[in-house]
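Residue numbers (my numbering), protein chains in the order written: chain A, -18 to 180; chain B, -18 to 180.
One or more hints might be untrue.
Put simply, identical chains are the same to the list, so a pair is met inside one copy or across any two.
[As the list claims (entries may be wrong)] The calculated lysine-lysine pairs, modelled on BS3-like cross-linking and capped at a C-alpha distance of 25 Å, are:
#1 K52 to K96
#2 K179 to K2
#3 K34 to K(-8)
#4 K2 to K52
#5 K116 to K96
#6 K80 to K145
#7 K101 to K180
#8 K145 to K52
#9 K180 to K34
#10 K52 to K146
#11 K179 to K101
#12 K117 to K180
#13 K41 to K116
#14 K96 to K34
#15 K80 to K(-8)
#16 K52 to K180
#17 K108 to K96
#18 K119 to K2
Since the hints were made in silico from the structure, they are not lab data. For clarity, every value in this text was computed on a predicted model and none was experimentally measured.
2 protein chains.
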Amino acid sequence: MEINRSDLSQKFIDLFVGTLKFTEEEFELMLSHFRLELIPRNFFYLKAGNTSKQKAYINKGSTRTFTIDAKGREHILFFSFEDWWIADFESYYTQQPAKQYIQAMEDCELLCISKCDLDKLEDQIPKLKALFEEKKQKMIFATMTNLNEVKSLTPEERYLNLVKKHPHIFQRIPLQYIASYLDIEPPSLSRLRSRLSKK
Amino acid sequence: MEINRSDLSQKFIDLFVGTLKFTEEEFELMLSHFRLELIPRNFFYLKAGNTSKQKAYINKGSTRTFTIDAKGREHILFFSFEDWWIADFESYYTQQPAKQYIQAMEDCELLCISKCDLDKLEDQIPKLKALFEEKKQKMIFATMTNLNEVKSLTPEERYLNLVKKHPHIFQRIPLQYIASYLDIEPPSLSRLRSRLSKK
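Modelling step: build the complete structure from the supplied sequences, incorporating the hints.
Rendered as structure tokens:
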């Protein structure tokens, strides 16, 4: 649906007007290509097999990105919160079918822009191109860190990292998803939390 | 050391002269900023704590990129072969100390270019900038695939994927490194190979 200025989170305004110093004209031009999508909790923003034709900025809410293996088991790769951009990025950049599922864990407000519009807009506003080049770099770093953590840390250490990064995660995300992300069973996560809270 | 044209692998020439259609002048200009580094087997190209000040193209040989955790255990993130570019990319782009180690598994010939020179060269030759932007994207896809495989596949499935991608890997890389990459013990890998070879 159409976006009103009052829909925009302060973080979105800070990013473009504050950090990137968009002029009023640039901001207006950019916004004219975005639209607002509301995804209720548990609904899917993207399913594997479909093509990721747009990028979405999380204005409000949180999502989980996961894959499903040949035996039907889910594997959560990461969670996303406000001020993150979501897509199956391989699918987005190659325009091939996605391998990932993106599901809302809370009611989500997403600010979406199509690949076609964003490609054109990046040519018109070089600051926007630079933003997404920087985001690509950050995504490499974050995914490499994630890979290294999965390979080298115990579930307890990964739990502690997660809580440090997102102190309110247990108030927002069902325990079962956090357990799945840590590759442990929900009762083990409950025991872990209870043990660590007594320390 | 200085590079002679005769040092260059056919893949390097194919990439720049063939695929990217560099003119003779562009190719000459680019080469003038590269130098050849020879890293004997088992020696380190980069150690965690140092800063990744250059990118290197593997002209010949192979490397392993790994981290060492607080308990002193190594975790191999990936192997690299001919026609790959190596660096600790987070360190390279941020110029902060590297978290990764890069070690030659075979005698390596690396074509190296400093970040400072490459940044300048990318402005002079836009095709070069486009190449590395595309490489960044591919790195996101590869790291995400790697993460997903670690989370969702059994060691046997990861072994089969590895051999499919690199059929001669066992002729080139010590078994202990492949076992470490698969997060299994070397005797388990030997049993796995022997079992699968009888199928």
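Outcome of the hint check:
no.: 1; hint: K52 to K96; result: neither (33 Å within a copy, 45 Å between copies)
no.: 2; hint: K179 to K2; result: neither (47 Å within a copy, 64 Å between copies)
no.: 3; hint: K34 to K(-8); result: within (24 Å within a copy, 34 Å between copies)
no.: 4; hint: K2 to K52; result: neither (49 Å within a copy, 45 Å between copies)
no.: 5; hint: K116 to K96; result: both (15 Å within a copy, 19 Å between copies)
no.: 6; hint: K80 to K145; result: between (29 Å within a copy, 20 Å between copies)
no.: 7; hint: K101 to K180; result: neither (54 Å within a copy, 53 Å between copies)
no.: 8; hint: K145 to K52; result: between (33 Å within a copy, 21 Å between copies)
no.: 9; hint: K180 to K34; result: neither (47 Å within a copy, 42 Å between copies)
no.: 10; hint: K52 to K146; result: between (32 Å within a copy, 23 Å between copies)
no.: 11; hint: K179 to K101; result: neither (55 Å within a copy, 55 Å between copies)
no.: 12; hint: K117 to K180; result: neither (39 Å within a copy, 42 Å between copies)
no.: 13; hint: K41 to K116; result: within (19 Å within a copy, 32 Å between copies)
no.: 14; hint: K96 to K34; result: within (6 Å within a copy, 34 Å between copies)
no.: 15; hint: K80 to K(-8); result: neither (29 Å within a copy, 31 Å between copies)
no.: 16; hint: K52 to K180; result: between (38 Å within a copy, 22 Å between copies)
no.: 17; hint: K108 to K96; result: both (17 Å within a copy, 22 Å between copies)
no.: 18; hint: K119 to K2; result: within (21 Å within a copy, 30 Å between copies)
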